[in-house]
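Could you build the full structure based on these sequences and the hints that come with them?
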Amino acid sequence: MNGTEDLEPQYDPKKVEDRIYKLWEESGFFNPDTLPRKREKTYTIAVPPPNVTGSLHMGHALNATIQDILIRKKRMEGYKTLWLPGTDHAGIATQNVVEKELKKQGTTRYDLGRQAFIARVWEWKEKYGDIILEQFKKLGSSMDWSRTRFTMDPEYQKAVEEAFLHYYRKGWMYRAERVVNWCVRCQTSLSDLELEYKEEKAMLYYIQYPILSRPGEHITVATVRPETMLGDSAVAVNPKDERYRDIVGAEVLLPIQDRPIPVITDEAIDKEFGTGAVKVTPAHDPLDADIGAKNNLPVYKVIDERGKMTALAGPLCEGVKASECRERVVSELKAKNLLVKEESYPHNVSLCYRCGTAIEPQPSMQWFLKMSELGRVALDAVNTGRVTFYPDRWKDVYTHWMGSVRDWNISRQIWWGHRIPLWRCSTCDEAREKPELAARWFLVRHGETEWNKEMRYMGREDIPLNDAGREQARTTAAALKDTGIDIIVSSDLARASETARIIGRELGIDVIENEHFRERHMGEWQGKTTHELKEIHTEEGFTKIRFHYDEAYHGGESWREVEGRVMKGFQDLRQKYQNKNVLIVSHGGTIRMIVKNIRNLHFDVAVRNEPSNGQSIELSIAREQCKNCGNEYVEPIEDVLDTWFSSALWPFATLGWPEHIRDLKEFYPTSVLSTARDIINLWVARMVYSGLEFMDGVPFSDVIIHATILTKDGKRMSKSLGTGIDPMTLIEKYGADATRFGIVWQAMGNQDIHWAEEHVNAGKKFANKVWNAARFVLMNAADPSAFDLSGDILHDAMSDDDKKVLALLEETKKNVGAHIDAYEFGHALHELYEFFWREFCDVYIERSKKARNDAVAVRVLTESLKLLHPFMPFLTEEVWARIPLPGKSMLIVSEWPLPHAR
RNA sequence: GGGCGCAUAGUUUAGUGGUAAAACGCUGCAUUCACAUUGCAGAGUCCGCAGGUUCGAUCCCUGCUGCGCCCACCA
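With my numbering as the guide, the letters of the first sequence map in order to residues 1209 to 2110.
The set of hints was computed from the structure by calculation and includes no laboratory data.
Be a bit skeptical, because a hint or two may be false.
[Unchecked claim] Ranges between beta-carbon positions, derived for each pair:
1. 1692 x 1740: 27 to 33 Å
2. 1751 x 1453: 32 to 38 Å
3. 1531 x 1226: 52 to 58 Å
4. 1531 x 1735: 39 to 45 Å
[As the list claims (entries may be wrong)] DSS-like, lysine-lysine: derived pairs with alpha carbons at most 30 Å apart:
5. 1288 x 1246
6. 1788 x 1835
7. 2022 x 1246
8. 1927 x 1308
9. 2057 x 2012
10. 1406 x 1312
11. 2022 x 2011
No residue lacks a Cβ here, since even glycine has one placed at the ideal position from N, Cα and C.
So this is what it looks like as structure tokens:
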């Protein structure tokens, strides 16, 4: 009975970790359904799904280790444990990553079109999205991989749709035009929680507005954004402000615009700030929007979605960026002697949390989730203790925000994500639930040609597709696969008919050519590039002709003529194929005219909205006409949902809600959620009310808010700053167990960890110590009966050393268990380390070199391995395998050592 | 503007109403012994600053300073 022939003098994690992980996976012990022993109670953790764009950082490693410690202990304690892994599609973040990749290739998502872009993101996800899950495995995470979920899985999409429609039917999901946080780079709105703030050195400008009824007199307002004055609707003062009492109700002249605006009062105005008088710009400031609404002020949108000044801003600034406009306005005011003071004024600017671009508040039509009732139940769940935070002070962060939560802007104007599961009337934009369709109709623009690439006007020139164009056609075909298309009609020009045939081949449908859908006749422009035409006509002239409804390019068709011709063809098809699903393959110009007609768009808007190559547009026909305008064309709404709306469903959508309830019944609610503090409101709060709304119960009872790992000098770890530490590098250098040890060692309950790598090294040494202690015990223990772990071995004849070490072991078992149960992981580990090294190795083993008691040594060793297993699973499992215990199972499913009741 | 957390040896951190610890690092010694990824010994902290409570405070209270974080319609 001697195991030492296998035990090398040093522990080498590289020889152990992958092999042991494989054994665990093959054992089925990660899956609660295939665990040994009869297990009544369940213990569930749904991992906070990392973004598919992410790779493991120290925060993930800490969090995964915490969860693994809990799961492994509970598994050993006989619970039916499920740790459910998965990833988040991370809407804006992922879209941005893929957009960056496209930029490197010299293209944009708009060039690709929506379907092709989404296909690209899926490709990206398939390639990189699971990296982080593989990294979890390297750390030793005992997750049930058979239940891995992704927030864009088909079943998960179902859940999101169900949840949205539930709120919609309840009247809590509504559409409204509001001033929202708009990111001019991402081209989407953002919720209030998706902002970051940065202090910026700004200037506070004091501007005089002349009072109309009192020549020579002014009211002075202070602002950091003088450019927005072009959209001012009023000047506001506090109603209690004596200084302005007699001016309230009067009109002042808005400089530059020379527009009279009223002086009004509002309680929200701070008398102390600036001059106590504020310019009110309802379009570009949330507070001003409120004041504007209360006072029925007109809204002048002077900044557009790209951050450029609109025509309403007037000739001084139209078309220029807001920052440039600021300079122009300031110098104009100076020239007019109306700028009386400039003082430096540091203030916070809000930034997009995904790209860091300054937010431009914009009035915009968006979807909102009503929060009054949901906020109340979420608050209640925490206040009544159904959800408990550890440490409890984090509860305040939650309740503080929940208590004053505003309606959630939930729609995003990006492409990657869950689409809002509603349709709209193509003509009047009225939203409705998906109607029963009499027929589905699609318009597809042909794929790319070489002339497209050269930006050369093709008109009737018969140019074939290039490779990219054929690829686009195939992508489009794939996207149209399940739409049930019956008929394909195509323009008879090669680039369209070729596109149509590729799609037709995929769908098994013949193509009918129809000359109504030919591209616009370009006359003399045909064959010329945009660049050449600008030289001929000047840029301005070119644009004017290009977007003129009645003017034809010399010798060609006007847009009016194109519209007439193509709509004739379209209506003929409608007549002919009443109840058929039809796909029309055509061209940029013709499709724009069909869309203009069906969507009832203004020509100027329609003509500028060119579809990209291969893009398909759905214009289907509803059985039931629009209640609002009586028209029949409908199309799906294009906006997608805030990523966090789908994340909010995580604890139950991952368990099969709403359709598959087997796991849901068994594992919901989950036991504990462990996460970082920065997503308490963004995620935790939303899971709580979603759970209450859809499952009628909180999604977890305990919330662990773990520490944030900072650099040694307390700075944020950031990949871009190069201050980040890659856990994979640590695992490579020290081993996974040492890495876990080093992380947990520092998790002492503070809200920050100032990262110190030396503790990982200490972990490596400790692993070696454990290994060698085992080596020593196994080398010496000659008596097979020493390996019988059944029963109590304490008896009176034992030496004092034996008794002492056994007593200390009992103490350690008690304390380690209690610390883990209280989520004090660092304390638990310190306790174990102290006992094992100082008491067992340095004292007991050293003394046992004189007088041995193998049974005691084996007992302390085996129990220690069990206690250590949640912290250092690989090492302990490997050592366990080397101990010749009769009838043993793997350590991962061995019984957790409980303190003896004495 | 409001709130929260932290401040103890060179470093990362425990800890207690009666003038302090652990790990790593450092110094010295040991070593054919399970482990040099070791053992033993040792040096090193006026417990951020100023007040207060107390017989007595690093620990409780107040203020300040520094670092970090969160929230706010921060014109």
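Problem - residue 1927 paired with residue 1308 [C-alpha distance capped at 30 Å] - result: 17 Å, holds
Exercise for the section: Could you check the hint for me, namely that residue 1531 and residue 1735 are 39 to 45 Å apart, CB to CB? Expected result: For residue 1531 and residue 1735 the Cβ distance comes to about 41 Å; the hint holds.
Exercise for the section: For the pair supplied as a hint, residue 2022 and residue 1246, confirm whether the alpha-carbon distance does not exceed 30 Å. Expected result: 25 Å, holds
Practice task
May I ask you to test the hint 27 to 33 Å on the CB atoms belonging to residue 1692 and residue 1740?
Solution key: Between residue 1692 and residue 1740, where Cβ atoms are some 44 Å apart, the hint is violated.
Exercise for the section: For the pair supplied as a hint, residue 1406 and residue 1312, confirm whether the alpha-carbon distance does not exceed 30 Å. Expected result: Roughly 29 Å separates the two Cα atoms, so the pair holds.
Exercise for the section: For residue 1531 and residue 1226, compare the CB-CB distance with the range 52 to 58 Å and indicate the outcome. Expected result: 54 Å, holds
Handout entry: Restraint check for residue 2022 with residue 2011, where alpha carbons must lie at most 30 Å apart
Key = 17 Å, holds
Practice task
Below or equal to 30 Å on CA atoms is what counts here, so check residue 1288 against residue 1246.
Solution key: 9 Å, holds
Practice task
Below or equal to 30 Å on CA atoms is what counts here, so check residue 2057 against residue 2012.
Solution key: Roughly 16 Å between the alpha carbons, so the hint for residue 2057 and residue 2012 holds.
Practice task
Check the following: the C-beta atoms of residue 1751 and residue 1453 are separated by a distance inside 32 to 38 Å.
Solution key: The hint (32 to 38 Å, Cβ to Cβ) is violated, given that residue 1751 and residue 1453 are roughly 52 Å apart.
Problem - residue 1788 paired with residue 1835 [C-alpha distance capped at 30 Å] - result: With a Cα-Cα distance of about 24 Å, the restraint between residue 1788 and residue 1835 holds, given a limit of 30 Å.
Taken one by one, the earlier hints fail for this structure at numbers 1, 2, listed in ascending order.
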